[in-house]
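Colleague: One letter stands for each residue in the lines below.
There are 2 protein chains.
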Amino acid sequence: MVNQKYKEMLGEKSVIRQIAETATARRAQIGTDEVFDFSIGNPSVPCAPEFTQAMIDLYETREPHELHGYSPSVGLPSFRGAVADSLNRRFGMDYTLNHIFPTSGATGALAHAFRAVTKPGDEVLTFAPFFPEYMPYVEGTGAHLSVVPPDTKAFQIDFEAFERALNPNVTAVLINTPNNPSGASYSAATLEHLAQVLLAKQVEYGHDIFLISDEPYREIMFDGVTQPYPAKFYDNTLTCYSFSKSLSLPGERIGYVAVNPRATDADIMVPVFAQISRTIGHNCPSSSMQLAVEQVSDKTSDLSIYETNMNLIYDALVDLGFDVVRPGGTFYIFPKSLEPDANEFARKAMEYDLFVVPSDSFGMPGYLRMSYCLETEHAKRGVERLRKFVHEVYGR
Amino acid sequence: MVNQKYKEMLGEKSVIRQIAETATARRAQIGTDEVFDFSIGNPSVPCAPEFTQAMIDLYETREPHELHGYSPSVGLPSFRGAVADSLNRRFGMDYTLNHIFPTSGATGALAHAFRAVTKPGDEVLTFAPFFPEYMPYVEGTGAHLSVVPPDTKAFQIDFEAFERALNPNVTAVLINTPNNPSGASYSAATLEHLAQVLLAKQVEYGHDIFLISDEPYREIMFDGVTQPYPAKFYDNTLTCYSFSKSLSLPGERIGYVAVNPRATDADIMVPVFAQISRTIGHNCPSSSMQLAVEQVSDKTSDLSIYETNMNLIYDALVDLGFDVVRPGGTFYIFPKSLEPDANEFARKAMEYDLFVVPSDSFGMPGYLRMSYCLETEHAKRGVERLRKFVHEVYGR
Numbered sequence: 303m304v305n306q307k308y309k310e311m312l313g314e315k316s317v318i319r320q321i322a323e324t325a326t327a328r329r330a331q332i333g334t335d336e337v338f339d340f341s342i343g344n345p346s347v348p349c350a351p352e353f354t355q356a357m358i359d360l361y362e363t364r365e366p367h368e369l370h371g372y373s374p375s376v377g378l379p380s381f382r383g384a385v386a387d388s389l390n391r392r393f394g395m396d397y398t399l400n401h402i403f404p405t406s407g408a409t410g411a412l413a414h415a416f417r418a419v420t421k422p423g424d425e426v427l428t429f430a431p432f433f434p435e436y437m438p439y440v441e442g443t444g445a446h447l448s449v450v451p452p453d454t455k456a457f458q459i460d461f462e463a464f465e466r467a468l469n470p471n472v473t474a475v476l477i478n479t480p481n482n483p484s485g486a487s488y489s490a491a492t493l494e495h496l497a498q499v500l501l502a503k504q505v506e507y508g509h510d511i512f513l514i515s516d517e518p519y520r521e522i523m524f525d526g527v528t529q530p531y532p533a534k535f536y537d538n539t540l541t542c543y544s545f546s547k548s549l550s551l552p553g554e555r556i557g558y559v560a561v562n563p564r565a566t567d568a569d570i571m572v573p574v575f576a577q578i579s580r581t582i583g584h585n586c587p588s589s590s591m592q593l594a595v596e597q598v599s600d601k602t603s604d605l606s607i608y609e610t611n612m613n614l615i616y617d618a619l620v621d622l623g624f625d626v627v628r629p630g631g632t633f634y635i636f637p638k639s640l641e642p643d644a645n646e647f648a649r650k651a652m653e654y655d656l657f658v659v660p661s662d663s664f665g666m667p668g669y670l671r672m673s674y675c676l677e678t679e680h681a682k683r684g685v686e687r688l689r690k691f692v693h694e695v696y697g698r
Numbered sequence: 303m304v305n306q307k308y309k310e311m312l313g314e315k316s317v318i319r320q321i322a323e324t325a326t327a328r329r330a331q332i333g334t335d336e337v338f339d340f341s342i343g344n345p346s347v348p349c350a351p352e353f354t355q356a357m358i359d360l361y362e363t364r365e366p367h368e369l370h371g372y373s374p375s376v377g378l379p380s381f382r383g384a385v386a387d388s389l390n391r392r393f394g395m396d397y398t399l400n401h402i403f404p405t406s407g408a409t410g411a412l413a414h415a416f417r418a419v420t421k422p423g424d425e426v427l428t429f430a431p432f433f434p435e436y437m438p439y440v441e442g443t444g445a446h447l448s449v450v451p452p453d454t455k456a457f458q459i460d461f462e463a464f465e466r467a468l469n470p471n472v473t474a475v476l477i478n479t480p481n482n483p484s485g486a487s488y489s490a491a492t493l494e495h496l497a498q499v500l501l502a503k504q505v506e507y508g509h510d511i512f513l514i515s516d517e518p519y520r521e522i523m524f525d526g527v528t529q530p531y532p533a534k535f536y537d538n539t540l541t542c543y544s545f546s547k548s549l550s551l552p553g554e555r556i557g558y559v560a561v562n563p564r565a566t567d568a569d570i571m572v573p574v575f576a577q578i579s580r581t582i583g584h585n586c587p588s589s590s591m592q593l594a595v596e597q598v599s600d601k602t603s604d605l606s607i608y609e610t611n612m613n614l615i616y617d618a619l620v621d622l623g624f625d626v627v628r629p630g631g632t633f634y635i636f637p638k639s640l641e642p643d644a645n646e647f648a649r650k651a652m653e654y655d656l657f658v659v660p661s662d663s664f665g666m667p668g669y670l671r672m673s674y675c676l677e678t679e680h681a682k683r684g685v686e687r688l689r690k691f692v693h694e695v696y697g698r
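Residue numbers (the numbering used here), protein chains in the order written: chain A, 303 to 698; chain B, 303 to 698.
It should be emphasised that the hints constitute simulated quantities derived from the structure, not laboratory data.
Do not rely on the hints blindly, as some may be mistaken.
Because identical chains share one entry, a pair is satisfied inside a single copy or across any pair of copies.
In silico DSS-like links for lysine-lysine, alpha-carbon gap of 30 angstroms or less [what the hints assert, rightly or not]:
| # | residue 1 | residue 2 |
| --- | --- | --- |
| 1 | K309 | K503 |
| 2 | K421 | K307 |
| 3 | K421 | K309 |
| 4 | K307 | K503 |
| 5 | K534 | K309 |
| 6 | K421 | K503 |
| 7 | K534 | K307 |
The shape of chain A in the complex, shown without the other chains (with noise of 0.2 angstroms):
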C-alpha cells in the first residue's frame, strides 16, 4: 500500500530517460564511437586537480575523527567561511559565515530555498524554458509553479509576459542563469530590469517577493564573459548553488544556499533552513567533502572544452538554417526544431544515431536541447552525422 501521489509519479514518462535508454541500447549494439549522444548533461572533464589533492592531503595528514566526524546541521564554519569569502572576493557581497548554509547540491539547495521563503498555496514564478525538476522540487512543497513564456530571440526575459504573470499570491520568482536548456546568461540588463519590477511589485502587494537563483552552470561561460551575480542587483536573493559541474564533481553532490545579508530576515534563513532539513530528511555534505570543497572554491576544472563544443556545434546549427540562439554559457544549446513537433524531430534523428532531447518538458515545445559534454572529436562527427541527417531528410 506505497503511497498513491508518488506511485502516479512512476507513470509520468521521462522523455529525456526514454532516449537515454534508446542511446545506451544502441551503444551496446554498435559501439559507443557510432552513437551521438547530445541528450545527456553529465560533466565530462575531469575533476580540478587541486580538489583531488586537497582531498589526498586529508587523508594522509588528519586524523579519522576529524575528516569524518558529525559537521553542526549548519555544516563545517570553515567551508561555510570559504564559500563566504570566495563569493565576497568575486562578486563584491559581504556575506559572513551565518548567510551559507551547505547543501546536497543544488537539489537540496532549492528544495530549502522554496520552503523557506514560500507556503502551501504560493505561487512560484519562473521562465520557460526551465529544467523540468523544477515543478517536482516546487510542487512537493505545496506551492505552484507556473511558468511566464519565453522570450524567444534571445532567451533573456519577456518583460511584458512576466509583468501578466506576476500577482500577489506570487512569494517567489525562480531564475537559472545561465540557463539549462538555453544556454542563455542573463545580461546586467535584464537582471537589473527584474530587480525593478520584483521592488516595486513587493511595494504593491505589501509582501516580499525572494528571487531564487539557481547557478550550478555560474562558472561555465563563454567568450570571456563572468556571469553578473543576480543578488548583486537584488537584496531578496536566495543564491542556489552547486560545485558539481564547476569542479567536475557530478557525484558528489555538494552546494549551497548564500542569503543576501540584506534580504529579508537573512539573520534568522540559515538556522531556518536547518528547521526545514528536520522535516525533509535533508543532511549537510560529507563532512570530508566540505573539507576538501573548502580549500579549493575558487577553482575549476578545465571547462574550455565546453566553449570548444559549443562553437563548433553553433557554426554548424547556423549554416544548417536552424533558428538558434548563442549560448553564453552552460553546456546546452536549444536551436528551434526544423518540424513543429520536436518530438518528431528527434525520432527521426535517432534513426540516424542522433540523440536529442526535444523541449516539451521544458516548458515550450518546438526545440531541442543539445547537450555537449563529449570529447570534441567525437562532437565533430557528431556534427557530420547531424548535416548527413538534416541533408537527407529535411533537403538541408
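For this one, chain A is given, so just place chain B on it according to the hints.
Modeller: Quick look at chain B alone, frame taken from chain A:
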C-alpha cells in the same frame, strides 16, 4: 517574510543543545579534562581502517569521472548489490540490489520510508523512550506520530499499551533497536510478538501496517549478542540504516533503506523512493563514498570501547542505587533520575561539571540519558565525579 511554520520551530528550545552549549563553555573555562560530558552521542572511535584504505586506493586507481560521476538517483548498482549481499549473508535475507536504496544517512532513509507507506493524516506509532527527532521527521510528512507508553521494566514493548494505541488510522509502526536512549535491544521474542500483533491488525483493519525499523546502532551490541533482524520476523518491513556508527563515519552521511522482498509493493518501492527524492530535494550519497563503503560493508570500527564504558557506568549506577536497565547495545544508558524532575537532577549535576540529558524530550519524564562516547579513562573519572555528586547531593 520567512515561512512562519519553520520560524516557530526556532523557538523550540532543545534541551540537548543547551546542555551541549553549557558543556562547551565550561570546557573553555576549566579545560576538557575537568568536564564530564555524557550528553552527546558522537562516535568517538576512529573509522574502520579498511574504509580509509579503500578510499585511498580509489583515489590512486580510479579515473576522476568514475570516482565522482553522477550515480543514478537510486544509487550505484555496485553499492546496492554489496549491501544486499551483506544483509543476506548476515541475516539470512534474500534482498537483491533492487530492494536497496542508498540515502543520506538514516535521516534520509526515514524521510523516504515514512513518505512511501503513509500519507498525510495517517498515524505512525512509536514506543517511548524514542529519539526526539522522530517527531519532526514524521510530522514533516503530514502524518502524526503517536507514542506508546514504555515498558519501564526492560524497555522492550508494553504490548497491552501497544494494543490500546493501535487503531485503523495507523499505517506504520516505528522501532529503533538497539534503542536511543535506553540502550535496550529488542529480543527475538519481542519481535515475534510484535509481528503477530501487526499481522492480526492488518487483517482486522484490511490494510497494510508497515514496520519501519531504524537500526543505526545495530552493530553496537554487548555480551556477544547479535541484534535479531526485525525484517526477518515481519514481511512489511522497511529497514533504515546508517554507517555512521558501525564504520564511525558520522559526518559522511551514508545509509540506506532495505525493502523486505516480501513486503507489499516491494518491487516498486525503490522507484517510489526515487520519486519521493524529487519532491524533498534528496540526493543519494556521494559517489566516492558509495564506492568505498561497498568494499567494507561487513566491517566495523573497533567498537569494544562502548561495552567497556557501559559496564563501568552500569556498575557504578547500580552501586549508587539507581534504577537502571542494563543496555543490550548502543552507546547510551538510561537510568531513572534520583528525583522526580530529571531536569532538576541534570541542573544540579552541571554544578559538578557532569552533563547528562533529562528524558522529557524522549517521550517519558523522570529519566536521564547518558552517552559514553568517551575515552575510558575519562569515563572512569566521570564516574568518580558522579559518585561525589550523588553522595553530596543525594546522600548516597
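Colleague: Work down the list of hints and note, for each, if the structure agrees.
Modeller: Now the hints, each set against the structure:
1. K309 to K503: between (39 angstroms within a copy, 24 angstroms between copies)
2. K421 to K307: both (20 angstroms within a copy, 9 angstroms between copies)
3. K421 to K309: Cα proximity of K421 and K309: in one copy and across copies (24 angstroms, 12 angstroms).
4. K307 to K503: Classified as between: cross-chain Cα gap 25 angstroms, same-chain 35 angstroms, threshold 30 angstroms.
5. K534 to K309: between (42 angstroms within a copy, 26 angstroms between copies)
6. K421 to K503: within (19 angstroms within a copy, 37 angstroms between copies)
7. K534 to K307: between (39 angstroms within a copy, 29 angstroms between copies)
Every hint from the earlier list agrees with this structure, and none is contradicted.
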